[in-house]
Amino acid sequence: MSLETVAILSPGDMGHTVGRVLVEHGLRVITCLTERSQRTRLLAESAGILDVSTLQALVSEADIVLSILVPSRAEKVAEMVSETIIETQAKVLYADCNAISPQTTCRISETVAKVGANYLDVSIIGPPPRSEGVTRFYVSGPSLGLFSQLNQFGLDIRPLGDKVGKASAIKMCYAALTKGLSALCIELLTASKLLGVSESLASELQLSQASLYERMENSIPSLPSKSRRWVGEMEEIAATFAELGLTPKILDGAADVFRFVGDTQLADLQPEDQEAFPIMQEVIAVLSGGLRPKVKKCGFN
Numbered sequence: 069m070s071l072e073t074v075a076i077l078s079p080g081d082m083g084h085t086v087g088r089v090l091v092e093h094g095l096r097v098i099t100c101l102t103e104r105s106q107r108t109r110l111l112a113e114s115a116g117i118l119d120v121s122t123l124q125a126l127v128s129e130a131d132i133v134l135s136i137l138v139p140s141r142a143e144k145v146a147e148m149v150s151e152t153i154i155e156t157q158a159k160v161l162y163a164d165c166n167a168i169s170p171q172t173t174c175r176i177s178e179t180v181a182k183v184g185a186n187y188l189d190v191s192i193i194g195p196p197p198r199s200e201g202v203t204r205f206y207v208s209g210p211s212l213g214l215f216s217q218l219n220q221f222g223l224d225i226r227p228l229g230d231k232v233g234k235a236s237a238i239k240m241c242y243a244a245l246t247k248g249l250s251a252l253c254i255e256l257l258t259a260s261k262l263l264g265v266s267e268s269l270a271s272e273l274q275l276s277q278a279s280l281y282e283r284m285e286n287s288i289p290s291l292p293s294k295s296r297r298w299v300g301e302m303e304e305i306a307a308t309f310a311e312l313g314l315t316p317k318i319l320d321g322a323a324d325v326f327r328f329v330g331d332t333q334l335a336d337l338q339p340e341d342q343e344a345f346p347i348m349q350e351v352i353a354v355l356s357g358g359l360r361p362k363v364k365k366c367g368f369n
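So in the numbering used here, spot 6 of the sequence shown is number 74, and the numbers just go up one at a time.
Think of the hints as simulated: they come from the structure by calculation, not from any bench. Heads up, some of the hints might be wrong.
What the hints assert, rightly or not - Below, simulated DSS-like cross-link-like pairs (lysine-lysine); rule was C-alpha separation at most 30 Å, straight line:
1. Lys317 / Lys234
2. Lys362 / Lys294
3. Lys234 / Lys261
4. Lys261 / Lys182
5. Lys144 / Lys234
6. Lys159 / Lys261
7. Lys317 / Lys144
8. Lys182 / Lys159
9. Lys294 / Lys317
10. Lys294 / Lys144
11. Lys182 / Lys231
12. Lys294 / Lys234
13. Lys261 / Lys144
14. Lys182 / Lys234
15. Lys261 / Lys231
What the hints assert, rightly or not - The following label-pair restraints were derived from C-beta to C-beta distances:
16. Gly94 / Ala310: 19 to 29 Å
17. Leu275 / Thr122: 54 to 64 Å
18. Ser70 / Gln157: 16 to 26 Å
C-beta atoms are modelled at their ideal positions from N, C-alpha and C, and glycine is treated no differently.
Based on the provided sequences and hints, a complete structural model is requested.
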């Protein structure tokens with residue numbers, strides 16, 4: 069079977085960028101923008117993604133549906149698509165590309181399998197693919213052939229075998245490092261500001277942890293714009309680790325940090341608002357400004 073049409077739910081920051089790559093490489097890319105925000109509509113239009121208005125049309129016309137959402141919506145959207153597959157009798161491959169635990173992806177796999185559709189577990193590692201070679205799509209599950217054709221349309225597809233859950237597993241472990249470290253950096257920098265040692269700490273980090281400090285300076289300005297959707301991802305990682313008998317508390321703590329950042333006005337910025345991003349020191353000033361030590365004692369301002 070040759071690949072002609074790919075559906076994306078939903079064309080947000082990652083989804084519309086993936087869609088743009090596919091469009092630029094000759095595929096027809098569609099979505100359903102019913103009840104979606106004006107921002108999402110504009111992103112889809114900018115990427116050349118077509119609005120087919122209904123889920124019925126989407127599953128009927130697509131060869132593959134890529135689910136690229138916040139983790140908290142993954143199961144609900146899979147249920148909606150599955151119901152629509154029953155209604156339309158469509159033959160479509162459903163690929164869940166969300167940052168969800170192996171447990172969650174297995175539940176979604178069962179939901180999709182019940183309606184006779186094929187399911188693939190996919191994890192996206194790296195930023196939105198605005199340049200070549202920065203983003204990988206790890207995939208596991210049966211029926212890899214059709215999805216692997218996306219290698220011919222600008223995506224870097226990396227199969228992990230036919231067992232659902234493997235792709236989600238690598239995402240959980242990888243994001244525990246990258247985003248978990250980001251949460252730790254936010255917390256320690258905010259603490260240093262409250263303790264009155266931020267400048268001294270910055271000097272030490274530039275001396276002994278120069279690459280990490282550079283990463284902080286480069287990544288923290290954009291972090292608030294993504295913090296709200298990272299909460300659910302950290303919770304999925306925590307659930308993954310708990311299922312293995314490991315402590316979930318580290319990543320539950322990371323979720324708390326991103327929830328804290330998401331409660332500030334900084335999180336109202338969108339990833340495309342790069343010119344409006346504050347520098348790292350300004351982000352930390354806002355975060356620390358909303359906190360006060362519970363007990364005033366030696367070492368605290």
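message: Run the distance test for Lys317 versus Lys144: straight-line Cα separation, threshold 30 Å.
response: Measuring from Cα to Cα gives roughly 26 Å; hence the hint holds.
- Message: Between the alpha carbons of Lys144 and Lys234, is the straight-line distance 30 Å or under?
- Response: Answer holds: Lys144 to Lys234 is near 22 Å, not above 30 Å.
Would you mind confirming whether the straight-line C-alpha gap from Lys182 to Lys231 stays at or under 30 Å? Status holds; Cα separation ~17 Å.
Original post:
Quick one, are Lys362 and Lys294 close enough, alpha carbons at most 30 Å?
Top reply: holds, 29 Å
Run the distance test for Lys182 versus Lys159: straight-line Cα separation, threshold 30 Å.
Roughly 13 Å separates the two Cα atoms, so the pair holds.
Notebook entry, point to check: Are Gly94 and Ala310 spaced within 19 to 29 Å by their CB atoms?
Noted result: violated, 44 Å
- Message: Taking 54 to 64 Å as the stated bounds, is the beta-carbon spacing between Leu275 and Thr122 within them?
- Response: holds, 59 Å
task = Assess, step by step, whether the Cα of Lys294 is no farther than 30 Å from the Cα of Lys144, and give holds or violated.
result = holds, 21 Å
Checklist entry - Does Lys144 lie within 30 Å of Lys261 when you go C-alpha to C-alpha? => result At roughly 41 Å apart (the allowed maximum being 30 Å), Lys144 and Lys261 break the hint.
Quiz item: Straight-line Cα separation of Lys317 and Lys234 no greater than 30 Å?
Solution: At roughly 23 Å apart (the allowed maximum being 30 Å), Lys234 and Lys317 satisfy the hint.
Pair hint outcome, Lys261 versus Lys231 [Cα-Cα no greater than 30 Å]:
Violated, at roughly 47 Å.
Exercise. Starting from Lys294, check that the Cα of Lys317 is at most 30 Å away, please.
Key: With a Cα-Cα distance of about 21 Å, the restraint between Lys294 and Lys317 holds, given a limit of 30 Å.
In terms of the numbered hints stated before, the structure departs from hints 3, 4, 6, 13, 15, 16, listed from lowest to highest.
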